[in-house]
Amino acid sequence: MAGYTPTTPADRDRMLETIGVDSIDELFAQIPEEVRFDRELDLEDGLSEPEVHERLAAMAAANRSTEQAPSFLGAGMYDHYVPAIVDAITQRSEFLTPYTPYQPEVSQGGLQVMFEFQTAMSELTGLPVSNAGLYEGPSAAASAAYLAMAATGRTGLVASRGVHPHSRETLATHAGGFGAGLTEVGLVDGLTDPGELEAAIDEQTAVVFLQNPNFLGSVEDIAALGELASARGALLAVAVDPMTLGVLKPPGECGADIAFGEGQPLGNRLDFGGPSFGFFCAREENIRRMPGRIAGETTDLDGRRGFVLTLQTREQHIRREKATSNICTAQALNALAALVHLSWLGREGFVEMGALLARRTAFARERLSSIEGLEPLHEAPVVREFAMRSAGTPVASLLACPSGTGPSLPVYPLGRDYPEFADSFLVAITEQRSRDDIEWLAAMLEGASA
Amino acid sequence: MNPEVDTAARDRTGPDETPQQADRAVTIFEKSVPGRRACQLPGSGVEEVPLADLIPSHLLREEPAGLPEVSEPEIIRHYNRLSRRNFDLDTGFYPLGSCTMKYNPRLNERVAALPGHARLHPATAPGDAQGALELMYLLQEALSEICGLPHVSLQPSAGSQGELAGLLLARACHADQGRNPGKVLIPDTSHGTNPASVSMAGYEVVKVATDGQGGVDMEDLRAKVDEDVACLMLTNPNTLGVFDRNITEIASLVHEAGGLLYYDGANLNAIMGQCRPGDMGFDIVHVNLHKSFSQPHGGGGPGAGPIAVSDRVEPYIPRPQVVKSEGEAGRPAYDLDFDRPKSIGRLRGFQGNFGVFVRSYAYILSLGADGLAEASRTAVLHANYLKSRLAQGRAGQYLPVAFERHCMHEFVLSGAPMKRELGIRTLDLAKRLLDFGFHPPTVYFPLLVDEALMVEPVETEAKEHLDDFAEAIESILEEAEQDPGIASEAPYTTPVRRLDEVGATRRPVIRQPD
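Chains as they are written, first to last, in my numbering: chain A, 14 to 463; chain B, 724 to 1237.
Bound-form chain A, shown alone (with noise of 0.2 Å):
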């Protein structure tokens, strides 16, 4: 029987006795005729589990995965190693199961994890207030310019052009619907133009995002960046990468009003894009205009601690039309892998891994520069990720393999985003790409622009 349901013939027609209809079709006769499906879906049968299973294994070896070979690729998503026990944790029924918590009585294990999670939010970026988490990283910048302008008033949005390509056209979709007009801000030397930046931003202007590290790897320095945007009765929105957040300056710290990115780094698996989460957090101030889920700390009848869904009145099911955000499923499980995996890392463990990033990053940028025809896009300080200039080859041509059948280098070509850079590439170290794996791809690019 297909579909997982237990129902035998038995079963369905003593339902049927009990409702007083002799067939379920009696139930659908209040589909009016001219709407009802008259044949059955093309689609094929239903398979059994092993031959499932054998369809969609034969579809994932159609993919070169980072499993069988190093990939340099990053551009906000990265290869980092996540830990055995974040599969145990997040396998368990209680976890992988439950709807979102609308009785906090039998789900204050999720609760708990959300209010955990907020505590290593607001650790990590130093801003008190944090959410239980968004959808995504770029879809986060939307969020944090609908609380912008409803914070100021205001309804222009400047942003960096270090910051992700995809959450400038993610912000570019919705300002169409927010009504508000975006204005983005160049680059010189791989940081973004102070000049261009004070010059952008104007009575009108709501929020000024920045991105530490940028897009093309740069560390900014956010804070005096920052004062441009405090200076015009702006908010500083500040998407970062949290895995870096061991060893840069966090956003709190400089400024920010916000401090959003995509959370993929911690605990979540690539996926080809998703299911990661995003994270959202700012001031005090700004609490009660907080987009998504956030779990608050209270006690029961007999006065035991407890947690439940608060500040709810923000919220779309409460709120409808005036909500401060549309966001009803979002992603509590994969919050719970970002949560475990810090708890894995620990205090130090988070230090050492934003070290190690910095020291192999500089290594590596190093290594491919002493390659012909290759330089550093920029010379800013890097963190995690890099950009290498091919002078004389193509990047195409660079990363097509050489025989032209295999697969392509794994490195981001930042063409197709920064026409102004088509001469160049992206390079993102993580605790999986070790000094040989480096040298491995040095000696590939070695070979391509000989």
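A hint or two may mislead.
Derived DSSO-like pairs (lysine-lysine); straight-line CA-CA distance at most 30 Å [said to hold, decoys possible]:
#1 Lys947(B) / Lys930(B)
#2 Lys906(B) / Lys335(A)
#3 Lys335(A) / Lys930(B)
#4 Lys947(B) / Lys335(A)
#5 Lys1142(B) / Lys930(B)
#6 Lys1047(B) / Lys1065(B)
#7 Lys906(B) / Lys930(B)
#8 Lys906(B) / Lys1065(B)
#9 Lys947(B) / Lys906(B)
Cβ-to-Cβ under 7 Å is the rule here; a few derived chain B residues that face chain A [stated by the list, open to error]:
#10 Thr750
#11 Phe752
#12 Leu774
#13 Ile778
#14 Ser780
#15 Gly789
#16 Gln936
#17 His1129
#18 Gln1235
Examples of chain B residues toward chain A, derived with CB under 8 Å [claimed, not checked]:
#19 Ala848
#20 Leu890
#21 Val929
#22 Glu1194
Calculated directly from the structure, the hints in this document are not laboratory data. Ideal Cβ placement from N, Cα and C applies to all residues, glycine included.
Dock chain B against chain A, hints included.
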């Protein structure tokens, strides 16, 4: 009686603590002990230069983030113990209306975890991601067939993002024809995400009333449809669980005025293979893969909210789009198409929640055409059966169904007579159900039904669970006739008892204090 339910527990109405209640909540941060750790990272393999030589020191962090210091066994124990403080679908009946809490096959978890899927970088060159792109393409095709609309974008992250996408599509579609209507019509029974999405898309919400049959009030609709209407958002069957018989007329009214029809697919589980939103006249549909297509809910996500659209809307769908062409030796080749000049653009990063796509595609393959149709038919059978069971006895007396007709996959009861005659509210009944080992239905929604209880029993529950649930309701009502105080202070057996939500909002404590 369901042997999984602790029958002793339901007799507990006194103040004695259960062992789980005596085990007070302690966070992972409070378990931190300086010097403990879990991870061992690989050595860098390169020179250990001081960080300040690499990055200017004023850009570096001074104090480590206050993450916990705990060992790996403690992490496992902490989260396993926490997990036991959750109620979950794998353990018990979860008839939460509008949420479609159907069984989540473990096969889907297994195939999603295959390294070829799970460790595939989203920026992998399309030539090296043919399996993933093929899967996405085939899922697009399957959803297109199920929805009766020719084009599908998988990009939206969940239903609410699908709604926003749909409204931005409507805006783009109208703008391309030189129109700029400002209103979106929404029935008063709609999900809260609908009006929230309308506001985010910059439209004005106009509510349409519900008639005595639970459908759209046609007179009110006629009065409100005009050329300033960009779109009508509808769930059909709606949140009352009834199918709107006037759908064809509704569609032509809106279309004639130049508006589009948006279908909230939250209730698609009622109609798979029975009727299709496209055939009803809808232009844009979102599908909650975490409802009808069995992605586990994860305690509040992840999900995915693909949209299916008509030819009229197709030029504007989000980019990139997965496309198929003929490759070498006549084999199909799949690619990502970014060159879509009329597209509304991106709603998020990369290609969408691919891991969710894998699970839902595996689910569609497992059920197939026959199984999907059977799933919907069984879901409707189960809902009507449970509704009939609850029309008997005390439930029939105190909890009448809101609209007296056959329902689709869910139905709504009103607790108003219960409140009036027994002095217990819907909330009290819900809390008492927890002591009986059931997750309660959705409560206080839809808003137009007083003391509403919205019940969705789904197709994967066995008849005996539906019977047990009906009997539990009967027992609680009988108990309340004797002593309404029992339900008013319920639950008694859960890890914590009723929580002070008002206090939590007044003085928000939303992180572990330093």
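For each hint, the structure was consulted:
Distance hint between Lys947(B) and Lys930(B) is fulfilled; the C-alpha atoms sit about 9 Å from each other, no more than 30 Å. Note on Lys906(B) and Lys335(A): the hinted pairing holds, with a Cα-Cα distance of about 15 Å set against a maximum of 30 Å. A threshold of 30 Å between alpha carbons decides the hint, and for Lys335(A) with Lys930(B) the separation of about 14 Å falls inside it, so the pair holds. Between Lys947(B) and Lys335(A) the CA atoms are separated by roughly 21 Å; this keeps the pair inside 30 Å, and the hint holds.
Straight-line distance between C-alpha atoms of Lys1142(B) and Lys930(B) comes to about 28 Å, which keeps the hinted pair within the 30 Å bound. Taken as a hint, the Lys1047(B) and Lys1065(B) pair is honoured in the structure, with Cα atoms around 20 Å apart against an allowance of 30 Å. Among the hinted pairs, Lys906(B) with Lys930(B) is consistent with the structure: their alpha-carbon atoms are about 10 Å apart, no more than 30 Å. Taking the CA atoms of Lys906(B) and Lys1065(B), the gap is near 22 Å; set against the 30 Å cutoff, the hint holds.
A C-alpha spacing of about 10 Å is found between Lys947(B) and Lys906(B), which places the hinted pair at or below 30 Å, so the restraint holds. At about 5 Å, the closest approach between the beta carbon of Thr750(B) and any beta carbon in chain A falls short of 7 Å, and the interface hint on this residue holds. A distance limit of 7 Å between C-beta atoms decides the matter here; for Phe752(B) the minimum to chain A is near 6 Å, and the interface restraint holds. For Leu774(B), the interface hint holds, the least distance from its beta-carbon to any beta-carbon of chain A being 6 Å, beneath 7 Å.
Restraint check, Ile778(B) versus chain A: the minimum CB separation of about 4 Å is within 7 Å; hint holds. Hint on Ser780(B) is violated. Least Cβ distance to chain A is approximately 10 Å, over the 7 Å limit. Residue-level restraint check for Gly789(B) holds (minimum Cβ-Cβ distance to chain A is 4 Å; threshold 7 Å). The interface hint given for Gln936(B) is broken, as the beta carbon of that residue sits about 10 Å from the closest beta carbon of chain A, more than 7 Å.
Below 7 Å, beta-carbon pairs count as interface contacts, and His1129(B) has one with chain A at about 5 Å; its hint therefore holds. With 7 Å as the threshold, the beta carbon of Gln1235(B) comes within range of chain A, its nearest partner Cβ sitting at about 4 Å, so the hint holds. Satisfaction of the interface hint for Ala848(B) is found here, the shortest Cβ-Cβ separation to chain A being roughly 4 Å, below the 8 Å cut-off. Residue-level restraint check for Leu890(B) holds (minimum Cβ-Cβ distance to chain A is 7 Å; threshold 8 Å).
Annotation: interface hint on Val929(B) violated; nearest CB of chain A at approximately 10 Å, more than 8 Å. Look at Glu1194(B): its Cβ only gets to about 14 Å from chain A, farther than 8 Å, so that hint breaks.
Checked against the numbered hints given earlier, the structure breaks hints 14, 16, 21, 22 and satisfies all the rest.
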